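Engineer: Please work from the sequences and hints to get the whole structure.
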Amino acid sequence: MEEIIKYIAQNGGFASMKDLKEANFHTREITSLVKEKIIDKIKPGYYRIADYSFFKDVNISLITVCRAEPQAVICLISALDYYEMTDFNPSEIFYAIPHSQKRRGINNPPVKAFFFRERFYNPGIDVIKTKYGSLRIYNKEKTVCDMFRYRNKLGEDLAMQALKNYLKQKKKSIASLIKYAEICQVKTVIMPILKGLVS
Numbered sequence: 001m002e003e004i005i006k007y008i009a010q011n012g013g014f015a016s017m018k019d020l021k022e023a024n025f026h027t028r029e030i031t032s033l034v035k036e037k038i039i040d041k042i043k044p045g046y047y048r049i050a051d052y053s054f055f056k057d058v059n060i061s062l063i064t065v066c067r068a069e070p071q072a073v074i075c076l077i078s079a080l081d082y083y084e085m086t087d088f089n090p091s092e093i094f095y096a097i098p099h100s101q102k103r104r105g106i107n108n109p110p111v112k113a114f115f116f117r118e119r120f121y122n123p124g125i126d127v128i129k130t131k132y133g134s135l136r137i138y139n140k141e142k143t144v145c146d147m148f149r150y151r152n153k154l155g156e157d158l159a160m161q162a163l164k165n166y167l168k169q170k171k172k173s174i175a176s177l178i179k180y181a182e183i184c185q186v187k188t189v190i191m192p193i194l195k196g197l198v199s
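Position 141 (the sequence shown) corresponds to 141 in this note's numbering; numbering is contiguous.
These are calculated hints, taken from the structure and not from any lab test.
Everything numeric in this text was worked out from a predicted model, so none of it was measured.
Think of the CB as a built atom: it goes at the ideal place given N, C-alpha and C, for glycine as much as any other residue.
Take these hints with a grain of salt, some might be off.
[What the hints assert, rightly or not] Pairs of lysine to any residue, SDA-like flavour, derived with a Cα cap of 20 Å: (1) 172 - 41; (2) 187 - 151; (3) 168 - 153; (4) 187 - 107; (5) 41 - 17.
[As the list claims (entries may be wrong)] Computed spacing ranges between beta-carbons, pair by pair: (6) 178 - 157: 28 to 34 Å; (7) 155 - 2: 46 to 52 Å; (8) 16 - 193: 44 to 50 Å; (9) 87 - 176: 21 to 27 Å; (10) 122 - 29: 39 to 45 Å; (11) 156 - 1: 48 to 54 Å; (12) 193 - 84: 17 to 23 Å; (13) 172 - 28: 16 to 22 Å; (14) 115 - 38: 51 to 57 Å; (15) 100 - 18: 38 to 44 Å; (16) 51 - 167: 38 to 44 Å; (17) 7 - 175: 22 to 28 Å; (18) 17 - 195: 30 to 36 Å.
Structural biologist: So, in structure tokens, the structure goes:
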């Protein structure tokens with residue numbers, strides 16, 4: 001059992017059933033570790049060390065989603081929360097995947113998938129490398145504009161708060177914000193508000 005945990009730890013705290021089998025570990029041992037809550041089952045055939053203290057100085061829930069779903073990009077309220085640009089604490093992790101892709105079920109942590117068309121999915125992805133894996137997340141400007149794109153579903157107040165908090169940032173670019181507003185097709189919505197806030 002200790003050998004399995006050591007193996008998963010050496011792989012950044014994550015491992016697939018395929019990798020574990022190739023390393024000559026038995027399915028029953030893995031099932032037993034899940035029952036004992038020593039490892040978590042993230043989705044069918046994919047596991048993570050359950051002890052959060054193993055993962056230092058990172059938001060491991062966000063990295064978990066990105067490792068379990070290779071095309072996942074952290075978006076909307078979860079991205080705002082990561083950037084400390086909202087008071088709202090989401091109970092699920094919001095992530096985007098291409099519209100053409102079928103969603104694979106992630107069991108843990110709780111998630112909400114958004115299917116973005118290619119023209120909305122591709123722009124503005126930042127990749128943050130950690131020793132536990134890469135975190136794919138939309139940049140601040142794209143996140144603010146996505147909030148306006150989803151304002152009818154997620155609330156106009158959250159979109160407004162995101163924009164106001166963005167404008168308080170030391171590192172901000174109005175030109176970049178306008179560029180992403182155009183990409184997200186919300187320029188006509190954001191521009192009058194932006195003029196009112198920065199004038």
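Engineer: Taking 20 Å as the top limit, are the C-alpha atoms of residue 168 and residue 153 close enough?
Structural biologist: 25 Å, violated
Engineer: For residue 156 and residue 1, compare the CB-CB distance with the range 48 to 54 Å and indicate the outcome.
Structural biologist: Hint holds: Cβ distance 52 Å, inside 48 to 54 Å.
Engineer: Are residue 41 and residue 17 close enough, with their CA atoms no more than 20 Å apart?
Structural biologist: This hinted pair holds, its Cα atoms lying about 10 Å apart.
Engineer: Is the straight-line distance between the alpha-carbon of residue 172 and that of residue 41 20 Å or less?
Structural biologist: At roughly 39 Å apart (the allowed maximum being 20 Å), residue 41 and residue 172 break the hint.
Engineer: State, for the Cβ atoms of residue 100 and residue 18, whether the hinted interval 38 to 44 Å holds or is violated.
Structural biologist: 25 Å, violated
Engineer: Evaluate the given range 51 to 57 Å for the C-beta pair formed by residue 115 and residue 38.
Structural biologist: 34 Å, violated
Engineer: Residue 187 and residue 151 were given as a pair; does the straight-line alpha-carbon distance stay at or below 20 Å?
Structural biologist: With Cα atoms ~14 Å apart, residue 187 and residue 151 stay inside 20 Å; holds.
Engineer: Within 20 Å, alpha carbon to alpha carbon, are residue 187 and residue 107?
Structural biologist: 37 Å, violated
Engineer: Regarding residue 193 and residue 84, is the given constraint of 17 to 23 Å on their beta-carbon distance met?
Structural biologist: 21 Å, holds
Engineer: Please check whether residue 16 and residue 193 have a Cβ separation lying inside 44 to 50 Å.
Structural biologist: Given a distance of about 45 Å, which is inside 44 to 50 Å, the answer is holds.
Engineer: Go ahead and decide if the range 21 to 27 Å is satisfied by the Cβ distance of residue 87 to residue 176.
Structural biologist: Given range 21 to 27 Å: holds, Cβ gap about 24 Å.
Engineer: Okay, residue 51 versus residue 167 on CB: inside 38 to 44 Å?
Structural biologist: Since the Cβ atoms of residue 51 and residue 167 sit about 39 Å apart, the hinted range of 38 to 44 Å holds.
The earlier numbered hints that this structure contradicts are 1, 3, 4, 6, 13, 14, 15, 17, 18.
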